[in-house]
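A.B. asks: In order, the protein sequences belong to chains A and B.
Counted from 1, the first sequence has number 8 at position 9 by the working numbering; the numbering is strictly sequential.
Counted from 1, the second sequence has number 244 at position 235 by the working numbering; the numbering is strictly sequential.
Simulated from the structure, these hints should not be mistaken for laboratory data.
Yeah, the Cβ is synthetic: ideal placement off N, Cα and C, and Gly gets one too.
One thing to keep in mind: the hints can contain errors.
What the hints assert, rightly or not - Lysine-lysine pairs mimicking DSBU-like chemistry, simulated, CA-CA at most 35 Å apart:
# : chain 1 : residue 1 : chain 2 : residue 2
1 : A       : Lys253    : B       : Lys57
2 : A       : Lys286    : A       : Lys317
3 : B       : Lys57     : B       : Lys209
4 : A       : Lys211    : B       : Lys272
Unchecked claim - Residues of chain A clear of chain B, computed beta-carbon distances all greater than 12 Å:
# : residue
5 : Ala31
6 : Gly32
7 : Ala239
Claimed, not checked - Listing some non-contacts, in silico: residues in chain A with all C-beta distances to chain B over 10 Å:
#  : residue
8  : Ala53
9  : Asn63
10 : Gly164
11 : Gly320
These are the residues of each chain, in order.
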Amino acid sequence: MPKKIVVVGEQRDGVLRKTSLEVLGAGRKLAAGGGVLEAALVGEGADAAAGELAAHGVAVQQVNGAAGAEAVSAALAWLVSEQGYEIVLLADTSMAKDVAPALATRLNAALMTDVVQMDLGADGSLRVVHPIFTGKVNAEFAVQGRSIQVLTLRPHTVAPAAPDGTTGAITKHSWTASVPPRAVVQEFVQSAAGRVELAEADIVVSGGRSLKSEENFALIEGLATALGGAVGASRAAVDAGYQPHSRQVGQTGKVVNPSLYIACGISGAIQHLVGMRTSKVIVAVNKDPSAPIFQNADYGIVGDLFEVVPMLTEEIKKLLGKE
Amino acid sequence: MKIGVLVKQVPDTETKIRIAADATDIVRDGIKYVVNPYDEFAVEQALKVKEQVGGDSSVTVVALGPPRVAEALRTALAMGADRALHLKDEAFEGGDTMTTARALAAALRLEAFDLVFAGKMAIDDNASAVPGAVAVLLDLPNVNLIHAFTLAADQRSANVRRRVDGGEEVVSCTLPALFTCEKGLNEPRYASLTGIMKAKKKPIEEKTAADLGLAADTVGKAGAGAQLVRLLPLPERGACKFIDGDAQQQARTLVQLLRNEAKII
Numbered sequence: 000m001p002k003k004i005v006v007v008g009e010q011r012d013g014v015l016r017k018t019s020l021e022v023l024g025a026g027r028k029l030a031a032g033g034g035v036l037e038a039a040l041v042g043e044g045a046d047a048a049a050g051e052l053a054a055h056g057v058a059v060q061q062v063n064g065a066a067g068a069e070a071v072s073a074a075l076a077w078l079v080s081e082q083g084y085e086i087v088l089l090a091d092t093s094m095a096k097d098v099a100p101a102l103a104t105r106l107n108a109a110l111m112t113d114v115v116q117m118d119l120g121a122d123g124s125l126r127v128v129h130p131i132f133t134g135k136v137n138a139e140f141a142v143q144g145r146s147i148q149v150l151t152l153r154p155h156t157v158a159p160a161a162p163d164g165t166t167g168a169i170t171k172h173s174w175t176a177s178v179p180p181r182a183v184v185q186e187f188v189q190s191a192a193g194r195v196e197l198a199e200a201d202i203v204v205s206g207g208r209s210l211k212s213e214e215n216f217a218l219i220e221g222l223a224t225a226l227g228g229a230v231g232a233s234r235a236a237v238d239a240g241y242q243p244h245s246r247q248v249g250q251t252g253k254v255v256n257p258s259l260y261i262a263c264g265i266s267g268a269i270q271h272l273v274g275m276r277t278s279k280v281i282v283a284v285n286k287d288p289s290a291p292i293f294q295n296a297d298y299g300i301v302g303d304l305f306e307v308v309p310m311l312t313e314e315i316k317k318l319l320g321k322e
Numbered sequence: 010m011k012i013g014v015l016v017k018q019v020p021d022t023e024t025k026i027r028i029a030a031d032a033t034d035i036v037r038d039g040i041k042y043v044v045n046p047y048d049e050f051a052v053e054q055a056l057k058v059k060e061q062v063g064g065d066s067s068v069t070v071v072a073l074g075p076p077r078v079a080e081a082l083r084t085a086l087a088m089g090a091d092r093a094l095h096l097k098d099e100a101f102e103g104g105d106t107m108t109t110a111r112a113l114a115a116a117l118r119l120e121a122f123d124l125v126f127a128g129k130m131a132i133d134d135n136a137s138a139v140p141g142a143v144a145v146l147l148d149l150p151n152v153n154l155i156h157a158f159t160l161a162a163d164q165r166s167a168n169v170r171r172r173v174d175g176g177e178e179v180v181s182c183t184l185p186a187l188f189t190c191e192k193g194l195n196e197p198r199y200a201s202l203t204g205i206m207k208a209k210k211k212p213i214e215e216k217t218a219a220d221l222g223l224a225a226d227t228v229g230k231a232g233a234g235a236q237l238v239r240l241l242p243l244p245e246r247g248a249c250k251f252i253d254g255d256a257q258q259q260a261r262t263l264v265q266l267l268r269n270e271a272k273i274i
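With these hints in hand, go ahead and build the complete structure from the sequences.
C.D. replies: Dropping the structure here:
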């Protein structure tokens, strides 16, 4: 039973986020059996992002005039009803965490967040997989019993869609909120320029307490920069004050899902493992050959990170510098 | 000021999660249950606001679930909350985030709170969905993931800080409103011995679906749009390939393997 599917795009500073193309990739798969796939963008300054989505061969519904999560979810709910979409896909970003539950509630839809796998049966039945207990186990859900389903997709689980040689039409709508916004962003402090966002980084290099100081984290920064990746930290390193909580990977920090995760001086307590073990390739550098991190790694180096990491940074620079 | 807190009881973070034989639940024997860690930040923040505002301010903790959930409510009462609501009805079982939100919203609606706090996520279902849904059902503004909270002098709005993708926001929000709490917001207090003794005398009011005016087919499994099919073990990772040699050789070999074998760089 083909479905009418919409992918909700997201832009930052006028640029379409990579996670939006991943969701488009997931949407294409769901639409493969004769379904309809379109994209939606809500908010100001989204012309360039709309153009990029359209260049991937989908019709784009662009809604201007909504600012703030409350207005965005209201505008999206209007658009979904107006266009008769049956499945709404978003990337599981901080925007989606604000918008998706509100949207699903407004539409009386079924909601599944942080989905890592989705399959649409020929009979129209939707099955999704969502990790629970902070990734200690996966759970399969049947999403049914509502005419609309809202799903958020974990970053890095689906390859980004490539352009298909066709261009979709862009339809513009304007939206006026019925009430003034009650939650207003007064100030936005941007993360340091050029720094790769942990949750969406394709490569993450993390350090543990054995780095011994905030200054020594420069070693981790150096390797991450050479690889074009982001810096992460274990809870122990964060608790010791070497890194801010925003960089903590694990149970009470962030769950990351990069292509490459390099754990330096991290023993691999379960609270850390749950935050990174779905990474495609895991490298562990640790002095202790019996550290549990090695049981969850693809490549292991038993050695002193203060010797190994600088060498690794050099070798990476040599390799990538040649290209 | 009337403050509400959404609380969930979850297995302790140290719990070894094993899939039960029929694959529709985890093995529940011997599990130690605790207040969801992020909800502890929510309880603490509510108590802080109560202490700051004074007067006849009160903190009410609200939870949904089976009889054991009363222990989590008792813990919050021992921390200093004044009263508790326990949404307890077999009809609530097997629900999804939306049915849970509907029941919690129905209970909160009867209270008319000025402020509602919740944790940013429950560490068992990892959905981060219930508070946002409750806010819409109650027509409250909602700011998630706060790590700093300041009540305005006139008590009609709050200034909060939160980390989002790409940076940090300072948000001002009119009250009544619902906020979800992130680690770093505060240090949750431990219940004192006197607190524990006092908590024994504090009321836990029980509410069924009928008490809340909810039809049985709109709550729990009957009302859920998402139903658990089965639990799946995590895919196994192959054995770790250890790399020998001195630091330089190890670094060289690893880079070659990442390029030629894993094809990742």
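A.B. asks: Each hint: holds or not?
C.D. replies: Hint check results:
1. At most 35 Å may separate the alpha-carbon atoms for a hinted pair to count; Lys253(A) and Lys57(B) meet this at roughly 27 Å.
2. This hinted pair checks out: Lys286(A) and Lys317(A) have alpha carbons roughly 25 Å apart, not beyond 35 Å.
3. The straight-line distance between the Cα atoms of Lys57(B) and Lys209(B) is roughly 22 Å, inside the 35 Å bound, and the hint therefore holds.
4. A C-alpha spacing of about 32 Å is found between Lys211(A) and Lys272(B), which places the hinted pair at or below 35 Å, so the restraint holds.
5. Listed as outside the interface, Ala31(A) is consistent with that label: its C-beta sits roughly 22 Å from the nearest C-beta of chain B, beyond the 12 Å cut-off.
6. In this structure Gly32(A) is separated from chain B by more than 12 Å, as the shortest Cβ-Cβ distance comes to about 21 Å.
7. Its beta-carbon lying about 15 Å from the closest one in chain B, Ala239(A) satisfies the requirement of being farther than 12 Å from that chain.
8. Ala53(A), annotated as away from the interface, keeps every beta carbon of chain B farther than 10 Å; the closest lies near 24 Å.
9. With a least CB separation of 21 Å from chain B, Asn63(A) remains clear of the 10 Å interface cut-off, as annotated.
10. At the 10 Å boundary, the C-beta of Gly164(A) stays outside the reach of chain B, the nearest C-beta of that chain being 27 Å off.
11. Taking the minimum C-beta to C-beta distance to chain B, about 12 Å, the non-interface status of Gly320(A) holds against the 10 Å cut.
Violation of the numbered hints given earlier is absent; every hint is satisfied by the structure.
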